[in-house]
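Undergrad: Which chain is which? The protein sequence lines are Y and X, in order.
What the first sequence shows, in our numbering, is residues 112 to 224, in sequence order.
What the second sequence shows, in our numbering, is residues 595 to 707, in sequence order.
I should point out that these hints are in silico values taken from the structure, not numbers from a laboratory.
None of the values given here were measured: they were computed from a predicted structure.
A portion of the hints provided could be inaccurate.
To be verified - DSBU-like, lysine-lysine: derived pairs with alpha carbons at most 30 Å apart:
| # | chain 1 | residue 1 | chain 2 | residue 2 |
| --- | --- | --- | --- | --- |
| 1 | Y | K169 | Y | K219 |
| 2 | X | K605 | Y | K219 |
| 3 | Y | K180 | Y | K160 |
| 4 | X | K665 | Y | K211 |
| 5 | Y | K169 | Y | K211 |
| 6 | X | K651 | Y | K211 |
| 7 | X | K608 | X | K651 |
| 8 | X | K605 | Y | K211 |
| 9 | Y | K160 | X | K608 |
| 10 | Y | K211 | Y | K160 |
| 11 | X | K665 | X | K651 |
| 12 | Y | K160 | Y | K179 |
| 13 | X | K605 | X | K665 |
| 14 | Y | K180 | Y | K219 |
| 15 | Y | K180 | Y | K211 |
Next come the chains, spelled out residue by residue.
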Amino acid sequence: AQSVTQLGSHVSVSEGALVLLRCNYSSSVPPYLFWYVQYPNQGLQLLLKYTSAATLVKGINGFEAEFKKSETSFHLTKPSAHMSDAAEYFCAVNSGGYQKVTFGTGTKLQVIP
Amino acid sequence: DTGVSQDPRHKITKRGQNVTFRCDPISEHNRLYWYRQTLGQGPEFLTYFQNEAQLEKSRLLSDRFSAERPKGSFSTLEIQRTEQGDSAMYLCASSLEAGREQFFGPGTRLTVL
């Protein structure tokens with residue numbers, strides 16, 4: 112079985128401040144982990160992925176995430192928030208051998224000028 | 595790079611009517627997925643194709659739902675006798691390999707009156 116928990120359905124940060132979006136996963140086997148971003152009325156765009164290589168993963172738009180097996184976490188960070196980062200972010204897990212991806216419930220990021 | 599496309603982008607229908615959505619995946623991707631996303635939730639897996647074979651279906655996919663991928667290229671999702679609870683965004687995604695990142699289309703937003 113696989114599952115994802117995203118802590119905080121809404122996160123607000125000031126422009127230029129650190130962005131931290133939390134994700135914890137559950138998987139019976141080593142997982143593949145993903146972060147996606149969704150803008151209103153659009154599909155999901157992949158930000159970054161972890162596939163058992165380096166534990167610190169760098170993605171697009173300055174985002175990165177660190178895989179911590181001991182904490183079963185895959186938190187998303189960005190050093191300095193931009194107004195254009197305002198969107199909904201989804202963490203997702205795919206346990207090896209499963210075809211489907213299980214998504215978290217999402218975190219809406221608000222960036223305050 | 596044409597990406598994943600979905601048609602229509604929006605569909606408004608009356609309860610009891612049938613609707614059909616189309617998804618065109620990235621051309622070299624042999625895996626195709628359908629998800630449903632309701633307000634405030636992450637995408638929920640509906641079904642998955644590898645080439646033309648439908649290999650997995652979620653229990654969310656009631657008897658009123660049917661999906662096909664006749665030639666292993668585009669796919670259709672049909673909902674018969676629509677209900678108000680079917681109102682959601684229907685997302686299609688494709689991937690090249692199992693467990694890898696999925697590329698999403700813009701979605702079809704269904705409203706059942």
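Undergrad: So which hints don't hold here, by number, going up?
TA: Hint 9 alone not satisfied by this model.
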